[in-house]
Amino acid sequence: MYLIEMSDYTLAPTGSGFGIKGFYFALSAGDVCAIEAQNPDDAHHFLRALATLAYPSTGTFRFKGRRLNLKNYKELLSCKKKVGYIAPDAALISNLTVRQNILIHRYYFENDLTIDLDDKMNSMCDNFGVCQKLDRRPADLNSMEQQMAIVIREISKGPEVLLLDRPEDFIGHAKFDMLVQMFNDWIDQRKPVVFVSFDRRLIRRFATRKILITNGTLTTVDVKRPMGDD
Amino acid sequence: MERVTGYIGRKAINSINHILDLFAFAYRILVLAVLRPKSGRTLIGRVIIQQLYFTAVQALPVILPIALLVGSAIIIQFAKLSGQYDFGRVSVLLIVREVGPIVTAMIVILRSATAVTIEVSYMRVLHELDAMEMSGLDPVRIVCVPRLVGITSALLGLFIVFDLVSIFGGYAIVWLLTYIPMASFLFQIAKAITLADIAVGIIKALLFGVTITVTCLYRGFEMKRQITEVPVATSRSSIECFLYCLIINAFISIIFYL
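Each protein sequence line maps, in turn, to chains A and B. Using numbering that gives the first Met the number 0, you'd call the opening residue of the first sequence number 0 and step up by one each time. Using numbering that gives the first Met the number 0, you'd call the opening residue of the second sequence number 0 and step up by one each time.
Mixed in with the good hints there might be a few duds.
Mimicking SDA-like on lysine to any residue, the simulated pairs with C-alpha atoms at most 20 Å apart in a straight line are [to be verified]:
(1) A/LYS81 x B/LYS223
(2) B/LYS223 x A/SER77
(3) A/LYS80 x B/ARG40
(4) B/LYS37 x A/ARG105
(5) A/LYS73 x B/ASP129
(6) B/LYS37 x A/LEU112
(7) B/LYS37 x A/ASN68
(8) B/LYS223 x A/LEU112
(9) A/LYS81 x B/ASP129
(10) A/LYS81 x A/ASN68
(11) A/LYS174 x A/LEU140
If you are wondering where the hints come from, they were derived from the structure by calculation, not from laboratory data.
Please model the entire structure based on the sequences and the hints provided.
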């Protein structure tokens, strides 16, 4: 069974993109897909569609085999919760502290406001350099720290799928090793990852499939990785 | 001529659609407020308390002097006009039935309603509502329900404070600063207020609260992706809120007192 299956899906053009017409895409556990698009807006739009943040003009979306009614936003929430979305349009909620932003889904679903970060999250905050600013509002953080906090929040959700838009920019080139480590962890856990990147090293090293978006069409190509390359 | 009638027709249809949208949105929020699913209750409870603090407690320094000024002005005018006789009754009727709810609603619109529209608009433009959805949280439940409960309760509380301060504070100011005879004022107030007056005041406050909150939230959620739309939405929502409150006020007064 596919984790995500999109069939007869048509995305209308946004920004300077061409849109994507009537495509089929399926994502299974262990897939690592790199998106290569003629137009960056199309790549970003496709990622948003995978996160069910952008709706199609036509098409069906199945999550774990269950067809979702894209007109009912409430039905999509259970799917969105399982998707880690790390992209330039991901945001922190400005009237909550960074700690509250990271923990908000737990506050809500465990119905408890006394929950605090566990050791794993604390060490991640430490590694990403936001430990000292956990009790500040997002406006007090610089843009890189805000992006780090978004990455921590999305990972703390324990997502089943990860969608990343230019992660090297998001996490910062200085922390590239950390990004590689994160990719390795996700691959070990057989979590599917879809990413857009201008960093050829990431694509060469991790991508098992390429998603090519050109002139409004989407095709997928399996990547043959050289022996011994891991 | 056809173009004019077409224009009027389109405007009328759009207005009716907008009113129906507001009713549908209010219904959706009220259903969520009544159903109260178990998850998120604590978080929502905290947001309600914060909203009450912003709308009610922080508004007290604004509403108290306004209530005193309005109360004393009305009492002085009616005392002069009626020569003491029956002026307590007339002042109470005017303050409790008409001036109290409208002035309280105006203060809430100016202070909180505009703030709510701006806050929600920014949340929409800056993808914060998307972020909530990506965490599996329903923005209508997390953002709208606490604001509806908080603002409506705050408006009811402020309305009671306004009435008490304007009647008794106004009485005290007039008694201290003028030579107008006030001997039977308090007795007349007690005689003048009926259960219907209190009920009407509460109904108006509740309806104003729901109307103001739903209108502001709707305008905020309606926002597309342009930050330049925020001031337009804020201006529209405050004018709309005030207009709807006036209409509701007149409608209830007609039902109860005619």
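Hint-by-hint comparison with the structure:
1. As the CA atoms of A/LYS81 and B/LYS223 are separated by approximately 26 Å, the hinted pair breaks the 20 Å bound.
2. With a C-alpha separation of about 24 Å, the suggested pair B/LYS223 and A/SER77 falls outside the 20 Å cut-off, and the hint is violated.
3. For the hint pairing A/LYS80 with B/ARG40, the CA-to-CA distance comes to about 18 Å; that is within 20 Å, so the pair holds.
4. Between B/LYS37 and A/ARG105 the alpha-carbon distance is near 13 Å, which keeps this suggested pair within the 20 Å criterion.
5. Distance hint between A/LYS73 and B/ASP129 is fulfilled; the C-alpha atoms sit about 13 Å from each other, no more than 20 Å.
6. As the CA atoms of B/LYS37 and A/LEU112 are separated by approximately 14 Å, the hinted pair is consistent with the 20 Å bound.
7. Distance restraint check for B/LYS37 and A/ASN68: the Cα-Cα separation of roughly 24 Å exceeds the 20 Å cut-off, and the hinted pair is therefore not satisfied.
8. In summary, the hint linking B/LYS223 to A/LEU112 is not supported, as the alpha carbons are separated by about 32 Å, beyond the 20 Å threshold.
9. The hinted pair formed by A/LYS81 and B/ASP129 meets the criterion: a straight-line CA distance of about 14 Å does not exceed 20 Å.
10. At most 20 Å may separate the alpha-carbon atoms for a hinted pair to count; A/LYS81 and A/ASN68 meet this at roughly 17 Å.
11. Using a Cα cut-off of 20 Å, the hinted pair A/LYS174 and A/LEU140 holds, with the two alpha carbons roughly 18 Å apart.
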